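Using the working numbering, the first residue of the sequence shown is number 23, and each one after it goes up by one.
Please keep in mind that the hints were generated in silico from the structure rather than gathered at the bench.
None of these values were measured; they are calculated from a predicted model.
Just so you know, not all the hints are guaranteed correct.
Taking CB as the label site, the calculated pair distances span [said to hold, decoys possible]:
1. Gly144 with Pro206: 24 to 30 angstroms
2. Ile147 with Asn312: 26 to 32 angstroms
3. Thr281 with Gly146: 30 to 36 angstroms
4. Lys279 with Gly240: 20 to 26 angstroms
5. Ser289 with Asp220: 50 to 56 angstroms
6. Asp127 with Ala60: 29 to 35 angstroms
7. Asp127 with Phe266: 50 to 56 angstroms
8. Thr332 with Lys161: 37 to 43 angstroms
9. Gly146 with Asp232: 31 to 37 angstroms
Quick list of in silico lysine to any residue cross-link-like pairs, SDA-like style, CA-CA up to 20 angstroms [what the hints assert, rightly or not]:
10. Lys142 with Gly319
11. Lys89 with Glu109
12. Lys181 with Ile155
All C-beta atoms, glycine included, are put in the ideal place defined by N, C-alpha and C.
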Amino acid sequence: MILNDTVISVFPGELVAELALKFRRNSGFKNSIVVGYANDAVGYIVSEAEALEGLTYASTGSIFGPKRGRTIINEAIRLINPNYRPEPPFDPETFGSVAGSIHYDGKLRLVVGAMDLPRKPGYGIHAWGRRVIVGEDGKYRMDRLLPGRKFLYVAETEKDSPELESWERDRRLLSYGRQVIVRPGETTEGVNFYLREDMLETEVKAIRLDVESLRVDGNTICGRLIIEGELSPEERIIGGLYTFGVPYKNDFLRLSKPTLRTEVAQSGEFVFEAVPPGRYRVGAFLDVDNDGLAEPGIDVVARPSGPVLTVR
23 MILNDTVISV
33 FPGELVAELA
43 LKFRRNSGFK
53 NSIVVGYAND
63 AVGYIVSEAE
73 ALEGLTYAST
83 GSIFGPKRGR
93 TIINEAIRLI
103 NPNYRPEPPF
113 DPETFGSVAG
123 SIHYDGKLRL
133 VVGAMDLPRK
143 PGYGIHAWGR
153 RVIVGEDGKY
163 RMDRLLPGRK
173 FLYVAETEKD
183 SPELESWERD
193 RRLLSYGRQV
203 IVRPGETTEG
213 VNFYLREDML
223 ETEVKAIRLD
233 VESLRVDGNT
243 ICGRLIIEGE
253 LSPEERIIGG
263 LYTFGVPYKN
273 DFLRLSKPTL
283 RTEVAQSGEF
293 VFEAVPPGRY
303 RVGAFLDVDN
313 DGLAEPGIDV
323 VARPSGPVLT
333 VR
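All chains, full assembly: derive it from the sequences and hints.
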């Protein structure tokens, strides 16, 4: 539909943002409104590159072949802009690879998975990225990855195949959040993991913030955590002061990078000093696998909570 300098285009499926932006850039109209609608029988309309990589939930939830998204968006633009010249097809030489070794003393087979977002793999909704089985020699290699930032995870599996069906789960998730950079036409080598079968064992069940203990004194914030379970002398809890208003729920990178860090005493007491002016909440995590990341599901994590603390 065209109304003066505005075009409204409706797509029979869930069009990803990348293709919607491409439509808006090339429509030739001042205002472009893109409408897509959810339809389980149709699924997502994704770019050729995303479909070939097969890493995202959208790409695995599409019934279309890799070229269909490019065809649909090109033809939609041509309907309203006859001067449009389509871009050339995606060049597979753009893909890169990741390779490395897993040093592990357990007995089960391992899989390495790649995700495009900094989150824990989800089971039951095809949100576990793409996976490969680790060889008997402990080595793995994953090809056909788009350039940019990827996040790797390692899990124990009882299957001979890396693939999962809906609602299937790995036996145990050992690590996730390992960030790697994929470069076009290159293999990122030496992405190694050093894991032990007992590395995730801890007697700490949960960490909670004792709200009544919080105090703000000038540029100092102090308080206490309630530790449920026994904290061993080797274990350490990292307290974090987080800027209020930032969503932390599903992003372990944000959880791992608070405005300030401090080591929590065995008693649970903590102090943040030289706090810059701002509004904050307190969180903490027990770094069970000792990788410096706050990974819910592996580490014992207390997300930012409690009252908003203001430092002036």
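Results for each hint:
no.: 1; hint: Gly144 with Pro206: 24 to 30 angstroms; in the structure: holds, 28 angstroms
no.: 2; hint: Ile147 with Asn312: 26 to 32 angstroms; in the structure: holds, 30 angstroms
no.: 3; hint: Thr281 with Gly146: 30 to 36 angstroms; in the structure: holds, 35 angstroms
no.: 4; hint: Lys279 with Gly240: 20 to 26 angstroms; in the structure: holds, 25 angstroms
no.: 5; hint: Ser289 with Asp220: 50 to 56 angstroms; in the structure: violated, 26 angstroms
no.: 6; hint: Asp127 with Ala60: 29 to 35 angstroms; in the structure: violated, 46 angstroms
no.: 7; hint: Asp127 with Phe266: 50 to 56 angstroms; in the structure: violated, 43 angstroms
no.: 8; hint: Thr332 with Lys161: 37 to 43 angstroms; in the structure: violated, 52 angstroms
no.: 9; hint: Gly146 with Asp232: 31 to 37 angstroms; in the structure: holds, 35 angstroms
no.: 10; hint: Lys142 with Gly319; in the structure: holds, 8 angstroms
no.: 11; hint: Lys89 with Glu109; in the structure: holds, 13 angstroms
no.: 12; hint: Lys181 with Ile155; in the structure: holds, 9 angstroms
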